[in-house]
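Colleague: Quick note on our numbering: the first sequence kicks off at 1 and runs consecutively.
Treat the hints loosely; a few may be bogus.
Simulated DEER-style distance windows between Cβ atoms [what the hints assert, rightly or not]:
id, residue 1, residue 2, range
1, Arg67, Pro28, 29 to 35 Å
2, Arg74, Pro173, 25 to 31 Å
3, Asp26, Pro69, 17 to 23 Å
4, Arg67, Gly165, 17 to 23 Å
5, Pro61, Pro114, 37 to 43 Å
6, Gly68, Arg18, 32 to 38 Å
7, Arg18, Arg167, 24 to 30 Å
To be clear, the hints were calculated from the coordinates, so they are not data collected in a lab.
Just so you know, even glycine gets a beta-carbon here, dropped at the ideal spot from N, CA and C.
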Amino acid sequence: MARHSWTVARSSNSAGSRRLSRRFFDRPTVTVARDLLGAILRNGPRAVQIVETEAYVTNDPASHTFRGPTRRNRSMFGEPGTLYVYRIHQVVCANLVTRRGEAVLLRAGEPLTPGLPSPSGPGRLCRALGISLADDGVRTPTDPRIRVDSRQDGRRSIAVGPRVGIRRAARRPLRFALKGNRWVSRPAVVGNRRRSPRGPNRA
DNA sequence: CTTCAGATTATCT
DNA sequence: GATAATCTGAAGT
1 MARHSWTVAR SSNSAGSRRL SRRFFDRPTV TVARDLLGAI LRNGPRAVQI
51 VETEAYVTND PASHTFRGPT RRNRSMFGEP GTLYVYRIHQ VVCANLVTRR
101 GEAVLLRAGE PLTPGLPSPS GPGRLCRALG ISLADDGVRT PTDPRIRVDS
151 RQDGRRSIAV GPRVGIRRAA RRPLRFALKG NRWVSRPAVV GNRRRSPRGP
201 NRA
């Protein structure tokens, strides 16, 4: 290969970081969920590093698209990289669409902007970044304000475990987190967790 | 129209 | 660990 010395712009701001393209998101959802760990989510001047994600896939009873298109999940059928924002109780949560009807829930981030409120938890992440329902449908590969940039440092160890806060199909290992990161919303699953013999009420 | 459950979080014991 | 808050989307009548 040519010996050209790459003129790597070392701006202290976004050195080596590039915006994740539509192509990045147009891959299997689990792959995207893993690869998003360490990526940078920006809304204008505010930024976090993504440290925890969950995959919601086709034929997944826990997915909002399980029963087909509705008004709420419309943007989950948008092009890869589209932001799907929904409301749950008094907060909003954000997803990045991968393939048609599939998406990655952004569960936690590590603050990169000084003074940012805690982004640990899907609702808190949106609040910290100022993401609202009005941002539903934003196309992050091209949007001027909300964007996702590639990670700058190398890949780190990833913890995998069951998803959080859902009843149906919760045990599928579709939750991913940067191992040991303090901003993960709940402790990363290390091994099998012993269950109490007497479970909660069952129907 | 009515009913119901929820991809959460803060706060309590 | 358990629960109320709080309100909308979606499904049922």
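Colleague: Between the beta carbons of Arg18 and Arg167, is the distance compatible with 24 to 30 Å?
Modeller: 39 Å, violated
Colleague: Go ahead and decide if the range 32 to 38 Å is satisfied by the Cβ distance of Gly68 to Arg18.
Modeller: Given a distance of about 35 Å, which is inside 32 to 38 Å, the answer is holds.
Colleague: May I ask you to test the hint 29 to 35 Å on the CB atoms belonging to Arg67 and Pro28?
Modeller: For Arg67 and Pro28 the Cβ distance comes to about 22 Å; the hint is violated.
Colleague: Indicate whether the distance between the beta carbons of Asp26 and Pro69 respects the range 17 to 23 Å.
Modeller: Holds, at about 19 Å.
Colleague: Arg67 and Gly165, beta-carbon distance inside 17 to 23 Å?
Modeller: 19 Å, holds
Colleague: Within 37 to 43 Å: is that where the Cβ-Cβ distance between Pro61 and Pro114 falls?
Modeller: Since the Cβ atoms of Pro61 and Pro114 sit about 41 Å apart, the hinted range of 37 to 43 Å holds.
Colleague: Taking the CB of Arg74 and the CB of Pro173, does the distance hold inside 25 to 31 Å?
Modeller: 28 Å, holds
Checked against the numbered hints given earlier, the structure breaks hints 1, 7 and satisfies all the rest.
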